[in-house]
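Chemist: Chains as they are written, first to last, in my numbering: chain A, 162 to 530; chain B, 162 to 530; chain C, 162 to 530; chain D, 162 to 530; chain E, 162 to 530.
Since the hints were derived computationally from the structure, they do not count as laboratory data.
Take these hints with a grain of salt, some might be off.
[Stated by the list, open to error] Here are the simulated DSBU-like pairs of lysine-lysine, each with C-alpha atoms no more than 35 Å apart in a straight line:
1. C:K277 - C:K205
2. B:K205 - B:K311
3. D:K416 - C:K311
4. A:K277 - A:K263
5. C:K277 - B:K277
6. B:K277 - A:K263
7. B:K290 - B:K311
8. C:K344 - B:K263
9. C:K416 - D:K421
10. C:K421 - D:K416
11. C:K277 - D:K277
Below, each chain spelled out in residue letters.
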Amino acid sequence: MSPQKPSLKSVQKLFKPKKKKKINHKVGLAPGALVYTGDKKLDKVSINLITYDEVDFYEEAIVLDQLEEHLKMRKKVLWIDIIGLHDVELFEKIGLLFGIHKLTMEDILNVDQRPKMEAFDDYLFAALKMIQCPTPESPIDDEQISFVLKDGILLTFQEKKGDVFEFVRSRLIDPKRAIRQRKADYLLYALLDAVIDNYFIVMENVGERIENLESQAMTSPGSETLSALYLQRREMMDLRRTVYPLREVIGSFDKYADDKISPETRPFIRDLYENTVQVIETMEVFRDMSSGVLDLYMNSLSNRMNNIMKVLTIISTIFIPLSFVAGVYGMNFDNMPELNWKYGYFYVIGGMGLAIIGMLIYFRKKDWI
Amino acid sequence: MSPQKPSLKSVQKLFKPKKKKKINHKVGLAPGALVYTGDKKLDKVSINLITYDEVDFYEEAIVLDQLEEHLKMRKKVLWIDIIGLHDVELFEKIGLLFGIHKLTMEDILNVDQRPKMEAFDDYLFAALKMIQCPTPESPIDDEQISFVLKDGILLTFQEKKGDVFEFVRSRLIDPKRAIRQRKADYLLYALLDAVIDNYFIVMENVGERIENLESQAMTSPGSETLSALYLQRREMMDLRRTVYPLREVIGSFDKYADDKISPETRPFIRDLYENTVQVIETMEVFRDMSSGVLDLYMNSLSNRMNNIMKVLTIISTIFIPLSFVAGVYGMNFDNMPELNWKYGYFYVIGGMGLAIIGMLIYFRKKDWI
Amino acid sequence: MSPQKPSLKSVQKLFKPKKKKKINHKVGLAPGALVYTGDKKLDKVSINLITYDEVDFYEEAIVLDQLEEHLKMRKKVLWIDIIGLHDVELFEKIGLLFGIHKLTMEDILNVDQRPKMEAFDDYLFAALKMIQCPTPESPIDDEQISFVLKDGILLTFQEKKGDVFEFVRSRLIDPKRAIRQRKADYLLYALLDAVIDNYFIVMENVGERIENLESQAMTSPGSETLSALYLQRREMMDLRRTVYPLREVIGSFDKYADDKISPETRPFIRDLYENTVQVIETMEVFRDMSSGVLDLYMNSLSNRMNNIMKVLTIISTIFIPLSFVAGVYGMNFDNMPELNWKYGYFYVIGGMGLAIIGMLIYFRKKDWI
Amino acid sequence: MSPQKPSLKSVQKLFKPKKKKKINHKVGLAPGALVYTGDKKLDKVSINLITYDEVDFYEEAIVLDQLEEHLKMRKKVLWIDIIGLHDVELFEKIGLLFGIHKLTMEDILNVDQRPKMEAFDDYLFAALKMIQCPTPESPIDDEQISFVLKDGILLTFQEKKGDVFEFVRSRLIDPKRAIRQRKADYLLYALLDAVIDNYFIVMENVGERIENLESQAMTSPGSETLSALYLQRREMMDLRRTVYPLREVIGSFDKYADDKISPETRPFIRDLYENTVQVIETMEVFRDMSSGVLDLYMNSLSNRMNNIMKVLTIISTIFIPLSFVAGVYGMNFDNMPELNWKYGYFYVIGGMGLAIIGMLIYFRKKDWI
Amino acid sequence: MSPQKPSLKSVQKLFKPKKKKKINHKVGLAPGALVYTGDKKLDKVSINLITYDEVDFYEEAIVLDQLEEHLKMRKKVLWIDIIGLHDVELFEKIGLLFGIHKLTMEDILNVDQRPKMEAFDDYLFAALKMIQCPTPESPIDDEQISFVLKDGILLTFQEKKGDVFEFVRSRLIDPKRAIRQRKADYLLYALLDAVIDNYFIVMENVGERIENLESQAMTSPGSETLSALYLQRREMMDLRRTVYPLREVIGSFDKYADDKISPETRPFIRDLYENTVQVIETMEVFRDMSSGVLDLYMNSLSNRMNNIMKVLTIISTIFIPLSFVAGVYGMNFDNMPELNWKYGYFYVIGGMGLAIIGMLIYFRKKDWI
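Working from the sequences, and respecting the hints, build out all of it.
Modeler: Here it is, written out as structure tokens:
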């Protein structure tokens, strides 16, 4: 239990009601029709082209028309990073240029796509979510990233510019790094690795949130805790849908893609697979912890109720009978001999005092106070 | 949490006690006996015949006797859409005409049939439920739809006229659409796709209902919420029985039907399969959310109980002891010196005031008020 | 929710404490020893022999000694229906006569036998429970039924005479029915079908019982509801043990019995298998509903407790402070100026009235009344 | 519900705190080191030798040194029953004499061994627990029994002399019994069967205990019930660990031991396997029943709480307002006109009586009394 | 239930808030980069070299530079025990020297590594956690241990010096012990066995803790119990993550490592596997027990609440009506005939006494006192 009580506000801020999301924007369209299902996040689709071999490294932001020309002068590895998914026309051209199946193009543009990996005859396709949550206080942000690997060319598709790939780019520039010796399949691995690494950071921050909720449930269970708990549970559900298919996606690279992934890259893919398994196991632990926090909350509440009832019972048990006695001697009967005794009042007061002491001893023995 | 409190009435309206449904109307009949197990929803069974190839498109509403004649003049693809299932005699003739097994005909007419797909030697058979729920307020409506695909002929069977197939029909009319180039297996796919698309709309509306229940459970848990929750849970059970077999049904097309589904249509069927998986996963999330709402309800109720008990305890703890004191000075003993003190009354009133203040401070410290 | 409140008596009657049943009567006996483990339900074992082909139909109640003689004059299909299992000696003879394994004979007589299907080299053996529950008010009655199919001879073994097979018998008499064209394996199927059909009726009635309990849990939760719920749950457990192995039993016919079940009968067996799956799925739904009813009961009880507490709190919160005030002015101090005011009493009464009104407004605002 | 309330004492006696059991006594020893991990239950290890064929039967209690000599004069089947496991040295000799692997010998002596079956090249080894619980009042007693089957010799190892094998022994003596015709594998089966039979008796008695707890939970839920329930649950956990591996153990005989179990004995082993499955299913039902009893207990407690609260609320709701009225007319204001009315007192008393009657009617309408 | 009430302090001490642990320290690094992710626990990495065959035994603490030299003079088995993982440079050299894959080296240094076993072409790699908890009062301490087995050389990697391997070392010194006859694979087994043995001790102590919590939950449920329970549950989660992969790790030795593990060592590995299964099953039982303790706690709390409510209700039910009666006779009406009766007071007092006795009898009949 962290010692400082976490601020309720900071916890609740994390769980704002999600913007209403259409489950599927594409109902009522012919299959294979290209539609971008997300929000337009950029003004213009930008295409960043990187090509390199052991010796050379070349990078340029290009427009689509230049692409075909650049393809001719490519080195061993060519990486085309496309940022922004809203320009449907452009994607139709790209699909034609690289011979990508219509349904694959549809999957790239459909940001509600379930993470998946498909091995076609001449290319590999993978789509997954990149999630980010830089601090425990920040909301979880997800973005779809797709990969197409074909004949030493790697195409990547992102919704908006991020810095996840930046780290890989910086390693590419340095000619001494191992990555420059390797082929496009290793580049694909390196990018996937960068994406999966971010899952670890998210897990860590989610873990911290759950611990905050936990200490709240323990120390001050209230209806705010309850709603925070509930929203946290929903966030976990969303997260699970993002994380669980990953195992299959990464596992498929090893299983189905034997001619497109070189033997040298295989152990790295397996390593990545293990990391994915670890993310999923952490997820499972969080799930157990979450339901544990709910139990904690309920029991904590029962404890409080118990304490409240104890106070009520102690007060009532002591004073209701005494009030009765006082009531008896407040009766107006003509003939009540005790009333005329000289020390009657003091006897009664004394008796009441003794009764209070007796009851306190009884409650202490019963472990109520 | 949506800000406005949803109207209880609107929620309850959705969950009317279902009409008592016989689990199986067919007990005590010889197997293979054709019986329509639904309600008669139409006056007359109507047969709609569509035949087309790349060039021509022909559509006519016919009667059974014309059918054989039309079969001769058919184009590449022939689609016979039969609406209404109550005319058992007519279906016996159709079964004979197209060589459909008696048990298949029985399945077509049995609207309590579990969704299924069967590959016979010379035809494919699939039966599934089409569900509709156009708005979050409307009840879920289901209808059985069966497909028989044989030698370029597609037979579809519906209980009543709907507009789900309308969209496919309109694409068929347009000679430029891809569907006109394709065979009957693609038509089957297109119709299945139209049916599955409706599941997404239903899911979205069910999701909205659960969220309404959620906000109700949070803000005003009562016995109406409880019964709405319970009925929602039963609706989910029904829905699950409809949705879960879909995975197997759609999956079977890819697995067992290799000679009846052309390689070009395969990727589309796989895409459809993925959509089905997504529907089922959404269903799973709803299941978790539903049980989450029940927990929320219970805890919300406990919270309220806790608050009620707090009020009771605070009032009792303050006033019961004070009433006792008042009772003491209301006793009629002859010898009660305090009563004769000049400011006795004011001392007591003052003491009582101090006690009230003390207790309020104590409760505030205990975080009760 | 059905509108009329179901009679408690009628619900409870269904769940009488079961007669104490020995789990296994056979402990301490050599394996293969024939012992009938049920109650003797008939005076005499009766043997009913039916033999038929497309043309002829012959039926006679015989005694064991006549059996061998009749075997010679049999038609295409011979059905020997043995009713009553207590005459161990007779069963030893039957076992010898038809070459049935000792362990099979043991299974036939052991009515606590788990439903099972076994394919021996020269015969098929199946044992299952026939359950009956003609109305929602009647208790579930189960009876073991065993089948042995060998060389066109079908032996059936029942504990007592029932009317389930009657319907098949009546179809046999009619020479125009399909069943007369078929072999003994189809007869076996037809009888199994008749047994499984009864499961649907039981399911329907069990479903109605659960719905009655549900409406009781909602409207008048009490300790009778609780015990009815609990007994219903136990009944479900018993039912599950009867129903679940069915899937395996019926499934085995298709899997293991390829040379004893003719290809024409196969689709019917598969159809039967699907029905079994439907029974099991209904069972699963009932299980969920049952646990749902328990939740409903608990929450309904919490709701009522909440309402009771509200009443208590409202009454206490209003009158305890007022009583205190009355107590104050009931004190006997000599110097209490208010007492001498002319309208003191009316001021106090008025103040009290205002306090009551104020509190009622407060409670209404808090949504308690 | 059995009519007579079961004695609490008798229930609690069953669940005495177990003697503290070391989970594993062998930590820190070299693997393969022979250590008896149980309590020394006998003074001396006794060896009982039985050898028989169709004609002869010979039995003698021998000492180890005589064993080798006896081995020469053995009939078709030789059964060596070793009772007592504490003489480690003797077991080393036996292991050498029969060529049993060190790890097998270790398993025989380790009474905390998980039930298991192992097929070595030249022998079969099986270890399982024999449990006994002759009456519902007696505690469950378990003992490890191991079997080694090698070349027509069956070695059995028990911790203490019991009467489970006695029944098999008595059948062996009778030359007419089938068991005398059979080989050592059938003897092994017969002994296993005797052990499994005891599980049925235990199940029956455990079932009766659960029913007793059930009726207690229903009629008089208290902290004794709770602790009995809890201990019963722990007993079930222990039992499950004993029972669950049985399925695998018995199943292994059929799967892995094809050359050591003769085809004639196979159906009997399968029959035994089915019995084991039945034990495990009963176990599962008990598990459900147990958790059902806990729910019953909780709900029963809630019911009682509800009733207690009702009484409190009824009493308070009736008398607190009336006391207030009495308090009002006990005030000492000079000017209280009602006090001077001739029938004021009777009006008030009458009004109070009417209020009581009114409230009783209200409570009856609310179904509280 | 152990008779003495366990000290709360001693229980809570066990569950100190864990030091905040980064889930993965390696985010943002190139794959294969060696980083030690634990705390530096030693000043210097120490290398202990043991080499032996049947005849000779040689042991020396060396530095890395001497290693290559020692490799030449090695006996049949060479064991290099490396203690301390913080000197990354040293590990790079070791990796190169023995030809260990970069990813394996990374796994060795990453102490948050999930337990795993990998069979490479020329070596076996295994990493697992060694857990220790010498007494029920001590916290669970875990440390990563890695093994590399290559050509008769066994490398072991530990974070800090422990005494688990000490026992194996002492057996190695004794030339008569079986271990001296065997190869490096048996040494690997012996060390794994020593590690797994410690799990049994931990299980025993964890079991004792759960039992302490249990008796606390039964006798004095309070918020300390709740937090102890909750922390115990989290400890179990951590433990499970350590224990569960063990089954796979040990199982892999048998499955994948056929050419590196000799047939003689196989049965021992299988034995070890069974021990692992036993640890996992114990873990499962603890999990059930843990959730059982939570139920116990909740029900124990409900019981107490019930008892508190009973006291409150008894007191209120007796005295509130009597106070009302006293209040009635305290009214100041002029005309209250009873007040003037000679024995009015005594009648009333007597009546009150009778009422108290009556109510006590009623409560006793209702089983409340």
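Chemist: Could you tell me which of the numbered hints above are not met by this structure, giving the numbers in increasing order?
Modeler: Those not satisfied: there are none.
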